[in-house]
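Residue numbers (numbering that gives the first Met the number 0), protein chains in the order written: chain A, 0 to 588; chain B, 0 to 115.
Worth flagging that the hints you see were computed from the coordinates, not collected in a lab.
Among the hints, a few may not be true.
Below, simulated DSBU-like cross-link-like pairs (lysine-lysine); rule was C-alpha separation at most 30 Å, straight line [what the hints assert, rightly or not]:
hint : chain 1 : residue 1 : chain 2 : residue 2
1    : B       : 96        : A       : 170
2    : A       : 100       : A       : 321
3    : A       : 170       : B       : 87
4    : A       : 463       : A       : 429
5    : A       : 100       : A       : 557
6    : A       : 457       : A       : 429
7    : A       : 268       : A       : 320
8    : A       : 448       : A       : 320
9    : B       : 87        : A       : 338
10   : A       : 448       : A       : 429
11   : B       : 96        : A       : 100
12   : A       : 492       : A       : 429
Quick partial rundown of chain B residues pointing at chain A, CB under 8 Å, derived from the structure [what the hints assert, rightly or not]:
hint : residue
13   : 85
14   : 101
15   : 104
16   : 105
17   : 110
18   : 112
Here are the computed distance ranges between Cβ atoms for each label pair [as the list claims (entries may be wrong)]:
hint : chain 1 : residue 1 : chain 2 : residue 2 : range
19   : A       : 260       : B       : 85        : 37 to 45 Å
20   : A       : 487       : B       : 85        : 53 to 61 Å
21   : B       : 85        : A       : 456       : 38 to 46 Å
22   : A       : 460       : B       : 85        : 40 to 48 Å
23   : B       : 85        : A       : 322       : 31 to 39 Å
24   : A       : 112       : B       : 85        : 23 to 31 Å
25   : A       : 269       : B       : 85        : 54 to 62 Å
26   : A       : 185       : B       : 85        : 55 to 63 Å
Beta carbons are placed, not taken as given, at the ideal position from N, Cα and C, and that holds for glycine.
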Amino acid sequence: MGQSYKQAIWVPSVTFNGCLQRELSWSCGVSKFLQIRLRYALEVAKHGSVAIITKAEPHESNTNYAQGGVSAVLCPSDSVESHMQDTIVAGAYLCDEESVKVVCTEGPDRIRELIAMGASFDHGDDGNLHLAREGGHSHHRIVHAADMTGREIERALLEAVVNDPNISVFKHHFAIDLLTSQDGSDTVCHGIDALNTETQEVVRFISKVTLLASGGAGHIYPSTTNPLVATGDGMAMAHRAQAVISNMEFVQFHPTALADEGLPIKPKKTRENSFLITEAVRGDGGILYNLSMERFMPLYDGRAELAPRDVVARSIDDQLKKRNEKYVLLDISHKPREKILSHFPNIANECLQHGLDITQQPIPVVPAAHYMCGGVRAGLQGETNVHGLYVAGEVACTGLHGANRLASNSLLEALVFARRAVQPSINYMKSSSLDLSASSLWTRPLVPKSLGSDVMHKILRITKEVRKELQSIMWKYVGIVRSTSRLQEAEQKIGKLEAKWETYLFEHGWQQTMVALEACEMRNLFCCAKLVVSSALARHESRGLHYMTDFPHLEESKRLPTVIFPSSHTTGTWSSRQLHQQPIVKSMV
Amino acid sequence: MAKTSLSRLFASLSEHSITKPSFTGSRSDSVTRPAYNSVTRFVCSSAQETQLIREERSNEGDREAAKENLESVNKEEDEGEDGDHVNKETGEVGGPKGPEPTRYGDWERNGRCSDF
Numbered sequence: 000m001g002q003s004y005k006q007a008i009w010v011p012s013v014t015f016n017g018c019l020q021r022e023l024s025w026s027c028g029v030s031k032f033l034q035i036r037l038r039y040a041l042e043v044a045k046h047g048s049v050a051i052i053t054k055a056e057p058h059e060s061n062t063n064y065a066q067g068g069v070s071a072v073l074c075p076s077d078s079v080e081s082h083m084q085d086t087i088v089a090g091a092y093l094c095d096e097e098s099v100k101v102v103c104t105e106g107p108d109r110i111r112e113l114i115a116m117g118a119s120f121d122h123g124d125d126g127n128l129h130l131a132r133e134g135g136h137s138h139h140r141i142v143h144a145a146d147m148t149g150r151e152i153e154r155a156l157l158e159a160v161v162n163d164p165n166i167s168v169f170k171h172h173f174a175i176d177l178l179t180s181q182d183g184s185d186t187v188c189h190g191i192d193a194l195n196t197e198t199q200e201v202v203r204f205i206s207k208v209t210l211l212a213s214g215g216a217g218h219i220y221p222s223t224t225n226p227l228v229a230t231g232d233g234m235a236m237a238h239r240a241q242a243v244i245s246n247m248e249f250v251q252f253h254p255t256a257l258a259d260e261g262l263p264i265k266p267k268k269t270r271e272n273s274f275l276i277t278e279a280v281r282g283d284g285g286i287l288y289n290l291s292m293e294r295f296m297p298l299y300d301g302r303a304e305l306a307p308r309d310v311v312a313r314s315i316d317d318q319l320k321k322r323n324e325k326y327v328l329l330d331i332s333h334k335p336r337e338k339i340l341s342h343f344p345n346i347a348n349e350c351l352q353h354g355l356d357i358t359q360q361p362i363p364v365v366p367a368a369h370y371m372c373g374g375v376r377a378g379l380q381g382e383t384n385v386h387g388l389y390v391a392g393e394v395a396c397t398g399l400h401g402a403n404r405l406a407s408n409s410l411l412e413a414l415v416f417a418r419r420a421v422q423p424s425i426n427y428m429k430s431s432s433l434d435l436s437a438s439s440l441w442t443r444p445l446v447p448k449s450l451g452s453d454v455m456h457k458i459l460r461i462t463k464e465v466r467k468e469l470q471s472i473m474w475k476y477v478g479i480v481r482s483t484s485r486l487q488e489a490e491q492k493i494g495k496l497e498a499k500w501e502t503y504l505f506e507h508g509w510q511q512t513m514v515a516l517e518a519c520e521m522r523n524l525f526c527c528a529k530l531v532v533s534s535a536l537a538r539h540e541s542r543g544l545h546y547m548t549d550f551p552h553l554e555e556s557k558r559l560p561t562v563i564f565p566s567s568h569t570t571g572t573w574s575s576r577q578l579h580q581q582p583i584v585k586s587m588v
Numbered sequence: 000m001a002k003t004s005l006s007r008l009f010a011s012l013s014e015h016s017i018t019k020p021s022f023t024g025s026r027s028d029s030v031t032r033p034a035y036n037s038v039t040r041f042v043c044s045s046a047q048e049t050q051l052i053r054e055e056r057s058n059e060g061d062r063e064a065a066k067e068n069l070e071s072v073n074k075e076e077d078e079g080e081d082g083d084h085v086n087k088e089t090g091e092v093g094g095p096k097g098p099e100p101t102r103y104g105d106w107e108r109n110g111r112c113s114d115f
């Protein structure tokens, strides 16, 4: 699972001869897997022009701790059926079996292609792939790559992308909304509006095919492993563009992220994304305590700290909510000092820098949001219900993960679906045509220069506070242990907060079509938060990552995906409407 | 705000457990122990049990000394990733030094989890 990535959308740019070409999806994952996306960009660019739109920088920046691997059946004693079974069990039987079959079947070939391309995965002394075994997998099937090789491949590919005349990289371009039209009952995507956050210019991309690979929405929660760019932009844009959203209630949390509030010396600036403390600390004998130094895990499970991760996450969440506290304590100090320092030097070092010696004191920990199993509903080719709109990666809901993601499957999903989306999108592109003058059909977004810097300063300040408030509501009412009454309370509070924020904006002169990075992120966060709450309210059972105290059991009759259809455009808040007017066009194609 | 009965939560959580609670004794499904399969060794290598391939000696109680130790451990770890390191137990070439990253189910390096 990628630790750091940037939002990216690939859109075909219009060439001067008026011939529109294909596009491809690209999302940044773990650096050594960014190469996959870049490789496909290069492939596609042989046939036409491609625009890669990325919110920040296109290169991966956090490679120092991004490890992990990708799962695939690469051993004779393993089988596709076994990988499928592990995936389906982990997904609490909510997976789409066709998606699971496709991913598990095609995964090995995707890995072999990477190897043929020069990717160097760790191997045994006999020259064969070294396969690790992560939790939930019944066979060894995790391939992992040495850092150096991955970085080198990425660097080479990035260079090739930059040098390819058919590929244009638009970094620091924030995607605002998809450009869509209605063709009868069908919604068609024609491109995207973006804001160049460096020059404050709006850029309109007209394209036949658009692929979203914009990642997750971890920042709807206060504590998340996701980098700052993960504000659910793609999910929100797709929802506003009438795409169907699915399974948003299944948010994966990690139980023990380092809680900065509990450190003696607080970090100078807020940590961008959470530092996860490995299960190995509990495995090696670490004990969990609440702030009254009561060991609470035995109350929840006979296995205490050795209970499955989901149980531990729920238990910690329950303790924090009951006691209204911000973190719990994970204590390994009773173990030999040498063992602690040799097994966990990263944690020891990080804590020491903030005044905490883990060989003497307990570690403050809090659950962190990590991965969204749900997203924009995608078919087996990465297609959505919006014509010309494809999705890949965490932004998509392909049905692979079901109610809970199996370790190392997300990279595999991205590998397989990114490839599968290429030919269908080429075919779609070839069968459609778009007049460049269509560009004028949608109102252009507006940069709020007219408001003046004082007003903008106020708006930014309020927006920052509102973001924190939203995150606080989500953690308090839409966390790991849920209930109907808490979710309803969340719905109300979020509704009020959104209304308050929008009123403030519009009272200060903000207009419907105005755009600024922070405001647009905020509207996307509101959109995604509401999707999570609605989805959670709709599932009257507990399954996988979704746990409800008033529906604590699995219900066979409820073993169905949660689907959110787009709502009417005539009602709704600023966050739920596209900025521009939707044109009613008889023939756009 | 719904009050959750502790006993109901406990019972509900237990139902979600994969195996029956085992308070003391051997580990259950929450821990993944990699298995060594002699049949597959020919084609692929498997990870082994937890191992410590180096012992760290630190000076007593001195924060600066602890820091030095941490720096040297991290340096050793980095050097190991240059690709020459061969894990004696598993035969893995170029892999991480120290305990098997997946020994407790998640992907761990030096205490930090990057995948689970």
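Results of checking the hints against the structure:
1. Between the alpha carbons of residue 96/B and residue 170/A the distance comes to roughly 37 Å, so the proposed pair goes past 30 Å and is violated.
2. Our distance criterion of 30 Å between C-alpha atoms is broken by residue 100/A and residue 321/A, whose separation comes to about 42 Å.
3. For the hint pairing residue 170/A with residue 87/B, the CA-to-CA distance comes to about 45 Å; that exceeds 30 Å, so the pair is violated.
4. Our distance criterion of 30 Å between C-alpha atoms is broken by residue 463/A and residue 429/A, whose separation comes to about 44 Å.
5. Proximity of residue 100/A to residue 557/A is assessed by CA-CA distance (about 22 Å); at most 30 Å being required, the pair is judged to hold.
6. At most 30 Å may separate the alpha-carbon atoms for a hinted pair to count; residue 457/A and residue 429/A exceed this at roughly 48 Å.
7. For the hint pairing residue 268/A with residue 320/A, the CA-to-CA distance comes to about 26 Å; that is within 30 Å, so the pair holds.
8. For the hint linking residue 448/A to residue 320/A, the alpha-carbon distance of about 43 Å lies beyond 30 Å, and the restraint is violated.
9. For the hint linking residue 87/B to residue 338/A, the alpha-carbon distance of about 20 Å falls within 30 Å, and the restraint holds.
10. Taking the CA atoms of residue 448/A and residue 429/A, the gap is near 40 Å; set against the 30 Å cutoff, the hint is violated.
11. Taking the CA atoms of residue 96/B and residue 100/A, the gap is about 35 Å. The hint is violated against a cut of 30 Å.
12. Distance check on the hinted pair: residue 492/A and residue 429/A sit about 47 Å apart at the alpha-carbon level, beyond 30 Å; violated.
13. Residue-level restraint check for residue 85/B holds (minimum Cβ-Cβ distance to chain A is 6 Å; threshold 8 Å).
14. Among the interface hints, the one on residue 101/B holds; its C-beta lies about 5 Å from the nearest C-beta in chain A, closer than the 8 Å criterion.
15. Given hint, residue 104/B at the interface with chain A, holds; its Cβ is 3 Å from that chain's nearest Cβ, closer than 8 Å.
16. Satisfaction of the interface hint for residue 105/B is found here, the shortest Cβ-Cβ separation to chain A being roughly 5 Å, below the 8 Å cut-off.
17. The beta carbon of residue 110/B comes within 3 Å of a beta carbon in chain A, closer than 8 Å, and the hint placing it at the interface holds.
18. Nearest Cβ of chain A to the Cβ of residue 112/B: about 4 Å, under the 8 Å cut. The hint holds.
19. The supplied range of 37 to 45 Å is met by residue 260/A and residue 85/B, whose beta-carbon atoms lie about 43 Å from each other.
20. Checked against the hint of 53 to 61 Å, the pair residue 487/A and residue 85/B passes, with Cβ atoms roughly 58 Å apart.
21. In this structure, residue 85/B and residue 456/A break the distance hint of 38 to 46 Å, their C-beta atoms being roughly 59 Å apart.
22. Evaluation of the 40 to 48 Å hint for residue 460/A and residue 85/B yields a failure: the beta carbon distance comes to about 56 Å.
23. Our hint of 31 to 39 Å for residue 85/B and residue 322/A is violated, since their Cβ atoms are close to 49 Å apart.
24. Checked against the given bound of 23 to 31 Å, the beta carbons of residue 112/A and residue 85/B, roughly 27 Å apart, stay inside it.
25. Evaluation of the 54 to 62 Å hint for residue 269/A and residue 85/B yields a failure: the beta carbon distance comes to about 42 Å.
26. With their beta carbons about 58 Å apart, residue 185/A and residue 85/B fall inside the hinted range of 55 to 63 Å.
The structure does not agree with the numbered hints 1, 2, 3, 4, 6, 8, 10, 11, 12, 21, 22, 23, 25 stated previously, though it agrees with the rest.
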